[in-house]
Amino acid sequence: MGLLSDPVRRRALARLVLRLNAPLWALPVAWLERTMQSVGLEVYTQSFSRQLPFPDETHERYMVSGTNVYGILRAPRAASTESLVLTVPCSSDSTNNQAVGLLLALAAHFRGQIYWAKDIIFLVTEHDLLGTEAWLEAYHDVNVTGIQSSPLQGRAGAIQAAVALELSSDVVTSLDVAVEGLNGQLPNLDLLNLFQTFCQKGGLLCTLQGKLQSQDWTSLDGPLQGLQTLLLMVLRQASGRPHGPHGLFLRYRVEALTLRGINSFRQYKYDLVAVGKTLEGMFRKLNHLLERLHQSFFLYLLPALSRFVSIGLYMPAAGFLLLVLGLKALELWMQLHEAGVGLEETGGGSGPSALHPPAQGVGLTSLVAPLLISQAMGVALYILPVLGQHVATQHFPVAEAEAVVLTLLAIYAAGLALPHSTHWVVSPQAPDRGWMALKLVALIYLALQLGCIALTNFSLGFLLAATMVPTAAVTKPHGPRPLYAALLVLTSPAATLLGSLFLWRELQEAPLSLAEGWQLFLTALAQGVLEHYTYGALLFPLLALGLYPCWLLFWNVLFWK
Amino acid sequence: MPAVHGGERRWEAEAAPGMAAARPLALLVLLVLGPGGWGFADPPRDSLREELVITPLPSGDVAATFQFRTRWDSELQREGVSHYRLFPKALGQLISKYSLRELHLSFTQGFWRTRYWGPPFLQAPSGAELWVWFQDTVTDVDKSWKELSNVLSGIFCASLNFIDSTNTVIPTASFKPLGLANDTDHYFLRYAVLPREVVCTENLTPWKKLLPCSSKAGLSVLLKADRLFHTSYHSQAVHIRPVCRNAHCTSISWELRQTLSVVFDAFITGQGKKDWSLFRMFSRTLTEPCPLASESRVYVDITSYNQDNETLEVNPLPTTTYQDVILGTRKTYAVYDLHDTAIINNSRNLNLQLKWKKPPENGYIHYQPAQDRLQPHLLEMLIQLPANSVTKVSIQFERALLKWTEYTPDPNHGFYVSPSVLSALVPSMVAAKPVDWEESPLFNSLFPVSDGSNYFVRLYTEPLLVNLPTPDFSMPYNVICLTCTVVAVCYGSFYNLLTRTFRIEEPSTGGLAKRLANLIRRARGVPPL
Numbered sequence: 001m002g003l004l005s006d007p008v009r010r011r012a013l014a015r016l017v018l019r020l021n022a023p024l025w026a027l028p029v030a031w032l033e034r035t036m037q038s039v040g041l042e043v044y045t046q047s048f049s050r051q052l053p054f055p056d057e058t059h060e061r062y063m064v065s066g067t068n069v070y071g072i073l074r075a076p077r078a079a080s081t082e083s084l085v086l087t088v089p090c091s092s093d094s095t096n097n098q099a100v101g102l103l104l105a106l107a108a109h110f111r112g113q114i115y116w117a118k119d120i121i122f123l124v125t126e127h128d129l130l131g132t133e134a135w136l137e138a139y140h141d142v143n144v145t146g147i148q149s150s151p152l153q154g155r156a157g158a159i160q161a162a163v164a165l166e167l168s169s170d171v172v173t174s175l176d177v178a179v180e181g182l183n184g185q186l187p188n189l190d191l192l193n194l195f196q197t198f199c200q201k202g203g204l205l206c207t208l209q210g211k212l213q214s215q216d217w218t219s220l221d222g223p224l225q226g227l228q229t230l231l232l233m234v235l236r237q238a239s240g241r242p243h244g245p246h247g248l249f250l251r252y253r254v255e256a257l258t259l260r261g262i263n264s265f266r267q268y269k270y271d272l273v274a275v276g277k278t279l280e281g282m283f284r285k286l287n288h289l290l291e292r293l294h295q296s297f298f299l300y301l302l303p304a305l306s307r308f309v310s311i312g313l314y315m316p317a318a319g320f321l322l323l324v325l326g327l328k329a330l331e332l333w334m335q336l337h338e339a340g341v342g343l344e345e346t347g348g349g350s351g352p353s354a355l356h357p358p359a360q361g362v363g364l365t366s367l368v369a370p371l372l373i374s375q376a377m378g379v380a381l382y383i384l385p386v387l388g389q390h391v392a393t394q395h396f397p398v399a400e401a402e403a404v405v406l407t408l409l410a411i412y413a414a415g416l417a418l419p420h421s422t423h424w425v426v427s428p429q430a431p432d433r434g435w436m437a438l439k440l441v442a443l444i445y446l447a448l449q450l451g452c453i454a455l456t457n458f459s460l461g462f463l464l465a466a467t468m469v470p471t472a473a474v475t476k477p478h479g480p481r482p483l484y485a486a487l488l489v490l491t492s493p494a495a496t497l498l499g500s501l502f503l504w505r506e507l508q509e510a511p512l513s514l515a516e517g518w519q520l521f522l523t524a525l526a527q528g529v530l531e532h533y534t535y536g537a538l539l540f541p542l543l544a545l546g547l548y549p550c551w552l553l554f555w556n557v558l559f560w561k
Numbered sequence: 001m002p003a004v005h006g007g008e009r010r011w012e013a014e015a016a017p018g019m020a021a022a023r024p025l026a027l028l029v030l031l032v033l034g035p036g037g038w039g040f041a042d043p044p045r046d047s048l049r050e051e052l053v054i055t056p057l058p059s060g061d062v063a064a065t066f067q068f069r070t071r072w073d074s075e076l077q078r079e080g081v082s083h084y085r086l087f088p089k090a091l092g093q094l095i096s097k098y099s100l101r102e103l104h105l106s107f108t109q110g111f112w113r114t115r116y117w118g119p120p121f122l123q124a125p126s127g128a129e130l131w132v133w134f135q136d137t138v139t140d141v142d143k144s145w146k147e148l149s150n151v152l153s154g155i156f157c158a159s160l161n162f163i164d165s166t167n168t169v170i171p172t173a174s175f176k177p178l179g180l181a182n183d184t185d186h187y188f189l190r191y192a193v194l195p196r197e198v199v200c201t202e203n204l205t206p207w208k209k210l211l212p213c214s215s216k217a218g219l220s221v222l223l224k225a226d227r228l229f230h231t232s233y234h235s236q237a238v239h240i241r242p243v244c245r246n247a248h249c250t251s252i253s254w255e256l257r258q259t260l261s262v263v264f265d266a267f268i269t270g271q272g273k274k275d276w277s278l279f280r281m282f283s284r285t286l287t288e289p290c291p292l293a294s295e296s297r298v299y300v301d302i303t304s305y306n307q308d309n310e311t312l313e314v315n316p317l318p319t320t321t322y323q324d325v326i327l328g329t330r331k332t333y334a335v336y337d338l339h340d341t342a343i344i345n346n347s348r349n350l351n352l353q354l355k356w357k358k359p360p361e362n363g364y365i366h367y368q369p370a371q372d373r374l375q376p377h378l379l380e381m382l383i384q385l386p387a388n389s390v391t392k393v394s395i396q397f398e399r400a401l402l403k404w405t406e407y408t409p410d411p412n413h414g415f416y417v418s419p420s421v422l423s424a425l426v427p428s429m430v431a432a433k434p435v436d437w438e439e440s441p442l443f444n445s446l447f448p449v450s451d452g453s454n455y456f457v458r459l460y461t462e463p464l465l466v467n468l469p470t471p472d473f474s475m476p477y478n479v480i481c482l483t484c485t486v487v488a489v490c491y492g493s494f495y496n497l498l499t500r501t502f503r504i505e506e507p508s509t510g511g512l513a514k515r516l517a518n519l520i521r522r523a524r525g526v527p528p529l
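If you're matching them up, the sequences are chains C and Y in order.
Take UniProt numbering: the final residue in the first sequence is number 561, and no numbers are missing along the way.
Take UniProt numbering: the final residue in the second sequence is number 529, and no numbers are missing along the way.
For the record, the hints were derived by calculation from the structure and aren't laboratory data.
One should not assume that every hint holds.
Stated by the list, open to error - Derived coverage of chain Y by chain C (criterion: at least 3 residues anywhere in the stretch with Cβ under 8 Å from a Cβ of chain C; other residues may be distant):
#1 87-96
#2 456-468
What the hints assert, rightly or not - Simulated coverage check for chain C against chain Y, where a stretch passes if three residues somewhere in it have a Cβ under 8 Å from a Cβ of chain Y:
#3 210-222
#4 290-304
Beta carbons: idealized from backbone N, C-alpha and C, even for Gly.
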């Protein structure tokens, strides 16, 4: 492949990189436009603005407005019905300048070729994912997240695939690939295979989840490393965050992945030519596609780049976990039935004048109050933190983001006081039947939720099932209550999140101290809420409106009197 | 007051002998002259003009204003006038009995929305309003006022008898006499408003009865109560005032104007359209002028407001138009004279119609919906685009599953929607010369263009690639299809085998002879064969 083989192009690239190394205050829109135009692309810009629900402290932004610049390489003899996207997120800390340089160099190279059958869009977005979101929404003429953006002037048909590029230095030791997208969506496995093929062809070192690929699968080391990679992927997918700009493309059924250049302390380094060659190869292959990538798997787990676990293998695990809930519910149902029969018999024996309590009526009416109250707690958890941030900042010396997180935790903890407050509404008769009926309902509720989550985001469903199911199955108001309570608290959604954070850093071989872990936990909470509002991530509403109320029901069962 | 009366009577007494002497002479002259004598007689002492003005209002509603003006060249102030022809006797007697100089009475329901309807011809407050100027000969004005309001209450079936000192005022500046007046001493003016007065048919009927043709002929046939009260504004009024009989104002004539204004709600009457016709508004058409009227006309405001690029079209076309400055703006009216035989005789009735026409290039939409598997959608729109603007045409669609045989071999590629076509006549910056088809270059004569100021352009958009939900056509799909087929075949036959009971059909038990034999054997008590 002829990319950058001639010295002129190489010099041009070096110049670009030098230019981009100068400190940037904002995206140099005019310069980018000029450069793209000089390369021979159709250049358009799009401005957007968005006010975040509360200040984003990790990215240090609140009221965001920016401009996306994109150039379209029109394929000869094609009607602009299909296109590929190469996108580079650009944020103010100018860590991605090398990627912009590579994008421009690739654009210049691609422009001279005659074999393109699909248009290629070279997209530089400002404010990383926010810009990508704005561009995608405008491209598909929808408004999902309430971002304000100007309409796009240039389009290039249906986007078939997209590659996002993040390079922080002009030499790389390895290329890391990120596949996990918004809400745990994954690109077609063929796109990953394509990348892997070109990595091998170019002799480039490729990593997954930052882990080197083990070549030796016969000894114990290989599978162990695979397990670590797999766990990392499960944790990342479960978080539902887009791990790179590609994650937002997946919502529009555009197969996409993010390539990250990693510059570690390894001896052997590759320059951008190697990366460029890999990208060129991928784009040429994608260009040849007749159909969208659809032949391979959309649902998979990756222990290594060359190995995957298919849905047929992992789904039964989740299924068996949920079966526990189903069986437990069946057992409770039988017990309830027997108890009802027994009650009737004793009632009949004591005297003909004794009134029989209706077999089902008692159980169901006493359930309404706990169900409603715990669901209301969930709604409060979902709405109040963001709604009440201004009130909180007025009365307490905290920033908005802190206020949101602390309100979140406060409401969450307040839910634990529920059993004491729900007692007065619970009917005193037949106490045993009461908690059994409540637990039956809670079990079915949990099983349904986990089943639905596992179908859409397996990792999240599995993680939650693995933690919540055992405790949910054994919880009852008799026996060692403190033990059960401790178990329940440990397996509550928030504790699972905290534990996942520790596990994640452990797997990445960067263990956390307790204080760091707590800080990271608070950051993760804020990010989760923020991503729900900015990108439409579903983890926060799912936990707040679904799993937390369900968990409260079990807490209620435990403290049933 | 008694002195004045005495004086008048004396004058009459003096005149009476002379009249008595002259009368036989006049009769004689009349007999001699015969019919020819009418030619020299005075012009008719009373006359009626009726008029209807139809005004399309800026809001889209339609206002109709009727005016019936009766003018009588008579000194009504003198008692003894007993012969009434066109002037209603009830009002005439009122004038003479209470020595009225001017009387203005209006009954209104609704409020004239000036902001949306523009200025009215005649404003009136909601409810009943009565204001009267008495002659300066009246001594006890308040008593006359009280009696007058009671009489009017009877005439118009209205609660005017509730007018008393609590709601009567004597304005000093606002209400000047509208007719002839020598002096304006406000002592002789009384003004009262009854805002609560509800106007209804019972007020309209006596008002109509004052008309010379009642509601039998002329414009008054349109006054159908159920339509007039089905409007957003209704105001009827009676105005009496003295006017000059001739240019020199040597003597007085009495003028009675009966006016009625209604505003038809375009939304209710026209089902949301601004078009209207006489029949749609009044459920009547005009058939003839009032035979007693000297003038009977319909005016239609056809001033083009030039809003929304709409133009008015009146049907039938008016014979004449009338232009004048009305209320500060220049207006054009189409005039229909009912005495003009051509207007009525053509179709035996006159049903005025007014249509709002948009320029045809605005809003032509042709849509031919698709039929599944037979024909595609077709949407054609004629749009006039403003300069320097972006127009977005979007069509909502749903992605549907196709039948499994209808998928192309590469379904995941997507399905093409053919490009849209944009044909436009673009105004040219430079006026071109008419093209000689044979002489000019070929590239210049591709499209026929009528004149040099426009040129024709046809543009195509790019085709659209739409992804439809596609079943997984890969191996699992095939396996499922195959398995289902096998299972269906196997299951069907197995089910058949398992559920059907097999038994051996007994051969028929013989014919008629055998049955007969069995009957006989049963009768004999022997077991059958």
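These are the hints, each one checked on the structure:
no. : hint    : verdict
1   : 87-96   : violated (count 0)
2   : 456-468 : holds (count 6)
3   : 210-222 : violated (count 0)
4   : 290-304 : holds (count 5)
Checked against the numbered hints given earlier, this structure breaks hints 1, 3; the rest are met.
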